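Asker: These are the residues of each chain, in order.
There are 2 protein chains.
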Amino acid sequence: MVNNISNTMIFTEKPNILSYASVVGKKEAQGPLKDDFDKIIYDAYGGKETFEQAESALVSEAVTIALQKGGFSASDIEYAFCGDLLNQCIASSFGMRNFQIPYIGVYGACSTMALGLILSSITIESGACQKAICAASSHFCSAERQYRFPLEYGGQRPPTTQWTVTGAGCCVLSKHTSDNKPYIHSAQVGSIIDMGITDQNNMGAAMAPAAADTICKFLNNTNTRVEDYDMIYTGDLGKIGSKLLYELLEKKDIDIKSNHKDCGVMIFQNGDMDVHAGGSGCGCCASVLCGHILNSMCEKKQRNILFIPTGALLSPTTVLQKESIPSIAHLVNIRI
Amino acid sequence: MVNNISNTMIFTEKPNILSYASVVGKKEAQGPLKDDFDKIIYDAYGGKETFEQAESALVSEAVTIALQKGGFSASDIEYAFCGDLLNQCIASSFGMRNFQIPYIGVYGACSTMALGLILSSITIESGACQKAICAASSHFCSAERQYRFPLEYGGQRPPTTQWTVTGAGCCVLSKHTSDNKPYIHSAQVGSIIDMGITDQNNMGAAMAPAAADTICKFLNNTNTRVEDYDMIYTGDLGKIGSKLLYELLEKKDIDIKSNHKDCGVMIFQNGDMDVHAGGSGCGCCASVLCGHILNSMCEKKQRNILFIPTGALLSPTTVLQKESIPSIAHLVNIRI
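Protein chains in written order, with our numbering: chain A, 321 to 656; chain B, 321 to 656.
Don't read these hints as lab results, they were simulated from the structure.
Computed from a predicted structure; not experimentally measured.
The beta carbon of each residue, even a glycine, is placed where N, CA and C say it ideally should be.
Be a bit skeptical, because a hint or two may be false.
[Said to hold, decoys possible] DSBU-like, lysine-lysine: derived pairs with alpha carbons at most 35 Å apart:
no., chain 1, residue 1, chain 2, residue 2
1, B, K501, B, K621
2, B, K501, A, K501
3, A, K389, B, K537
[To be verified] Not everything, but these chain B residues come out facing chain A in the computed CB check (under 8 Å):
no., residue
4, I325
5, M329
6, T638
Could you put the whole structure together from the sequences, leaning on the hints where they help?
Answerer: Put into structure tokens, the structure is as follows:
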């Protein structure tokens, strides 16, 4: 059962992350987290005919490896919670179509991985299943042509932009069976926050207020402090969004600077890799979680972390229609 | 708690649908279900500047009316599960951004309303919340230009096509508090089925196998027969998909013909209204459920129904790339 404290979920039965996997592209493998990824696909097409098929293959690979690492077959898994950034979430639906796992599509833009973790945990705690997987993905080439310009156009990117990560991550969640594996302790589902930012090339600024809102609510409801956590990982605020998050939280007397990392900043060697404000995309925090972060936890280097992916709930159509950018941040407290 | 019988969910605490509402456009209001809708918006723009904004307004209206009918305010609701067909599900995110309800985006194409009902029910049964809403929408004009042609082009539609419903539906779900309101008894989450159909103008054919698969699994796992249900409602198979569903089920010695209706066939006066094979879109089954079907149940004309929306998990990009159409069907057993 889940305890509900002012809309913070406390998972009393500690659903485990029994196994996990990450698959990324060539550029991500040149970054500082290289050794934590399970598989690197050097060809942007991944041997497929289109970038969209390549992204679906990232999903399939991440799921396949996560199952293998845990010694599971697809038939052991009762539900799959998956999502991505492509129109109609096709990376997930096409990537998952051969597994025959009952499928629940989720959409939270770049916050999707957290939604999957939360919904898997709820479903397990409700008794509806014993095992579920969640996965999220993005691909630089499929995202660029959908959100911005065809790659061939060579559009110039403003310094505030972020670089969509080519990658996918997958977790296998289960009823608590091991005290030696990470588990989901608690979670906070975010509300939609729209502060009127309209610059689609500055997603960090649009999403920082959502992250601040969710973090404040969670710390308040759980009566915990920043220092209680080994690390607070945001999803893809990037360098600019992270600074804004610090400013917003300082106004509430919360200082996370020394305890915070952003997956979008971590995944690339900023300054060297032409990614401007950092990495982004559903696959950014998904591959960092299912690589570096969970590896650190399994090695007991970290025992209690907050994972807070943020999502910008816009589309190219709303940008053209001069709408502002509604954003959201979901938080998951993972412990071991 | 949820009982799990071979992946069929039995909701032991009978989460109630305490209130519900439907909002539709002008054409839907000319159909036979007119009197069951809560609000009709005669202007395709709904007083907004774009079709996408008009669709968001359908969502906001349906949610507002459902809350009003139940005597609730937005702050009574702990989670909102919403989705639609637009790229990045913007009808939902923009429609919901002013409610400040913790928001979980779902994507199941035209099966989205069932996903919302199922996830709301699981979340309530897990103890994570007392009340949740779910909503789904579609709009003929926003869908046509996204999936097919700009309206001004006047593209001719083959006879197998369906007409995207302009409409939205919203349900307020709650822990069981009333024996006099409908409740969610059980559910079956579908698996992705892809039989190789590539004709995007014949969605019914693509989705019928998914409906057949989910229905068979549910009847089998619950050890029930077609005659045990007052009516089996599919989402938007239309006339052609419904016939195919009968054929597929007959091969398994299941005859649902006399106990089946399809929301896509019900909502328009076929033959008169130029909709070809029937209605479609997330808003089709959502508005028929949150109008005609739940009204019939509250009037005790029907006490035990299956609601089985189907979704085609394609995108215009996958069509251009000559992919086949993966489909899915989720089933919800609603009783009173």
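Asker: Look at each hint and say if it fits the structure.
Answerer: Going down the list of hints, with the structure as the test:
1. Our distance criterion of 35 Å between C-alpha atoms is met by K501(B) and K621(B), whose separation comes to about 13 Å.
2. Between the alpha carbons of K501(B) and K501(A) the distance comes to roughly 43 Å, so the proposed pair goes past 35 Å and is violated.
3. As the CA atoms of K389(A) and K537(B) are separated by approximately 30 Å, the hinted pair is consistent with the 35 Å bound.
4. Hint on I325(B) is violated. Least Cβ distance to chain A is approximately 10 Å, over the 8 Å limit.
5. For M329(B), the interface hint holds, since its Cβ comes within 8 Å of a Cβ in chain A; the closest pair sits about 5 Å apart.
6. For T638(B), the suggested interface contact is upheld, since its CB lies about 5 Å from the closest CB of chain A, less than 8 Å.
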